[in-house]
Amino acid sequence: MSHALLAGLSRTANPRGALRRFLAADAVVTGINGAAYSAVPGALGRLLGIDSTLLAVLGALLLAVAAGIGFLAARPEPPAAAVELVVGVNAAWALLGIAAVVLWLEPTAAGAVWTPLQALVVACFAALQWSALCGAGRLTA
Numbered sequence: 012m013s014h015a016l017l018a019g020l021s022r023t024a025n026p027r028g029a030l031r032r033f034l035a036a037d038a039v040v041t042g043i044n045g046a047a048y049s050a051v052p053g054a055l056g057r058l059l060g061i062d063s064t065l066l067a068v069l070g071a072l073l074l075a076v077a078a079g080i081g082f083l084a085a086r087p088e089p090p091a092a093a094v095e096l097v098v099g100v101n102a103a104w105a106l107l108g109i110a111a112v113v114l115w116l117e118p119t120a121a122g123a124v125w126t127p128l129q130a131l132v133v134a135c136f137a138a139l140q141w142s143a144l145c146g147a148g149r150l151t152a
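Using our numbering, the first residue of the sequence shown is number 12, and each one after it goes up by one.
I should point out that these hints are in silico values taken from the structure, not numbers from a laboratory. Just so it is clear, the structure is predicted and the values come from calculations on it, not from any experiment. Even for Gly, the Cβ is constructed at its ideal location relative to N, Cα and C. Keep in mind that a hint or two might mislead.
What the hints assert, rightly or not - Cβ pair distances, simulated, as ranges: (1) V100 x L58: 21 to 29 Å; (2) A92 x A121: 18 to 26 Å; (3) V39 x A102: 37 to 45 Å; (4) A47 x A103: 17 to 25 Å.
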């Protein structure tokens, strides 16, 4: 994503509001993903070609991460260091998702589409959150 596009998406009269919205959206999407992985790891494992135990563990992890991001989103002014941590975790998750498909997993066709798509969504959240954090004057890009 270009910096100009990101700046446009996060530009608002209240930059902190944009940051909080991006964090809230991330928390919701991450929570839904975690809930699905936790609730039906067997069915999703068969669909995606990914071990159901791995999905259950990832589901629990994602639920915890979603709760933390949701907590940040609810704060009037999320601490910059905490948002930087979220951005870093999101970036790492995106990279690991791609690496897992290429190096470790043997997914079905659905899994080979889902995993990189999920990585792309998470990378977009990281980019939007970083851009909004910089736009709020709390960091310089």
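Each hint, compared with the structure:
1. V100 x L58: 21 to 29 Å: holds (26 Å)
2. A92 x A121: 18 to 26 Å: violated (38 Å)
3. V39 x A102: 37 to 45 Å: Distance hint for V39, A102 is violated at roughly 19 Å.
4. A47 x A103: 17 to 25 Å: Hint holds: Cβ distance 21 Å, inside 17 to 25 Å.
Consistency note: the structure conflicts with the earlier hints numbered 2 and 3.
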